[in-house]
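**Student:** Take the two lone chains and join them into the complex the hints point to.
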Amino acid sequence: EDKVVQSPLSLVVHEGDTVTLNCSYEVTNFRSLLWYKQEKKAPTFLFMLTSSGIEKKSGRLSSILDKKELFSILNITATQTGDSAIYLCAKQGAQKLVFGQGTRLTINP
Amino acid sequence: DGGITQSPKYLFRKEGQNVTLSCEQNLNHDAMYWYRQDPGQGLRLIYYSQIVNDFQKGDIAEGYSVSREKKESFPLTVTSAQKNPTAFYLCASSAQQGRGEKLFFGSGTQLSVL
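So the sequence lines, in the order shown, correspond to chains Z and R.
According to this note's numbering, the first sequence holds residues 1 to 109 in order.
According to this note's numbering, the second sequence holds residues 1 to 114 in order.
These aren't lab readings, by the way, just hints derived from the structure by calculation.
Computed from a prediction, not measured in an experiment: that's the story for all the values here.
Note that beta-carbon positions come from the ideal geometry of N, C-alpha and C, so glycine has one too.
Heads up, a few of these hints could be off.
[As the list claims (entries may be wrong)] Okay, derived cross-link-like pairs now, EDC-like style, lysine to aspartate or glutamate, Cα gap no bigger than 16 Å in a straight line: (1) Z/96 x R/101; (2) R/71 x R/30; (3) Z/3 x R/15; (4) Z/40 x R/59; (5) R/70 x R/54; (6) Z/37 x R/101; (7) Z/56 x R/101; (8) Z/96 x R/30; (9) R/57 x Z/2.
[What the hints assert, rightly or not] Simulated DEER-style distance windows between Cβ atoms: (10) Z/62 x R/99: 21 to 31 Å; (11) R/60 x Z/50: 40 to 50 Å; (12) R/5 x Z/52: 20 to 30 Å.
If we strip away everything but chain R, and leave its shape as in the complex, we get (with noise of 0.2 Å):
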């Protein structure tokens, strides 16, 4: 079945640690992007990719790091610059950048910080 997977669901980080959140799509899609959502404040782009080894900052990129050397991966990076991460991060994809009606969604991660 395609989709997009994000992994893992829950994710817990220590004070001054980096920690990685997975997105793999198999849909073959060319524009992936990276939103975070907080209670109240709907969806923030963090980061979008429109090409393999090409990455756009977003609207909330500071503290976030993220790569594209694959066409099937996107991964994000919180770093420990980030002092508010606490949040549900959502992964999309879709085959054109520019196309939100045609946006696939992963199911989430929820970053909790210890």
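For reference, chain Z alone in the conformation it holds in the complex (with noise of 0.2 Å):
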């Protein structure tokens, strides 16, 4: 079964620290890795890793893909409260998204 798995399932953590979130997955099938945020309803999307060792950055976010290792981190640094939301991984195969289960990410003031 084409699998992704994400760790941690949750984090907690207080206003101003720097966060990584982990994502493993299968290589069969691979064309991308990416990663959305959800906040209350709609994930929004975040970035797309297709290459090894390439960082994507927005901001305070940035992510980055190891395919001989089959992860990808997603770090985000000086957190906020609003950085509050549920992170989901998700590998992009040819015809289906398989998402993990996603880490549920709380940012306390």
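**Tutor:** What follows is the structure, given as structure tokens:
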């Protein structure tokens, strides 16, 4: 079965901390690795990664892919309460997008 | 404004009842998807459709049915055969199959069993 595994499943930190979220996947039928943020209802797209070692960055968020070890990380520096959300990792295959379980991130003031 | 509209936001199902969740898009997208979200399990694919009058089963299709009679509409029926239907259901669309970075999501329907 196509699997994407995220860790931790839940994380609570204080405002200003740096967090690292992990995502591992199976190599079959791999096209790209995607990260989404789900604050309330609809997930919103953050990053798409296709090549190893190339960091994608947007403000305080960054992400990188390791295609040899089959994982990706999402880093958030200087966290703010508005970063509280579920972060979803997904593997894009030729036809299907397979999601991980998500990491619920809570930022306390 | 272009987007995806799901309705209703909340739905209650009685034992043995079929219920239908609506998903409409005005983005002119060919591909449409239905996902189920349970706490701690991320999103799981129920059905997807690449073109009108064609659809494929996803990973958890049992107890669900869909139709794609119009490009803009992809309704999901939760049948009485689905024994554990309580979940958050998300509809999504994209211009092309296999372009997750171009996926647009609706705001979801929360289905609960009475």
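**Student:** Are the hints correct? Go through all of them and say.
**Tutor:** The hints, checked one at a time:
no. : hint                    : in the structure
1   : Z/96 x R/101            : holds (12 Å)
2   : R/71 x R/30             : holds (7 Å)
3   : Z/3 x R/15              : violated (33 Å)
4   : Z/40 x R/59             : violated (24 Å)
5   : R/70 x R/54             : holds (11 Å)
6   : Z/37 x R/101            : holds (12 Å)
7   : Z/56 x R/101            : holds (14 Å)
8   : Z/96 x R/30             : holds (15 Å)
9   : R/57 x Z/2              : holds (15 Å)
10  : Z/62 x R/99: 21 to 31 Å : holds (23 Å)
11  : R/60 x Z/50: 40 to 50 Å : violated (28 Å)
12  : R/5 x Z/52: 20 to 30 Å  : violated (39 Å)
In the structure shown, a violation is registered for the earlier hints numbered 3, 4, 11 and 12, in ascending order.
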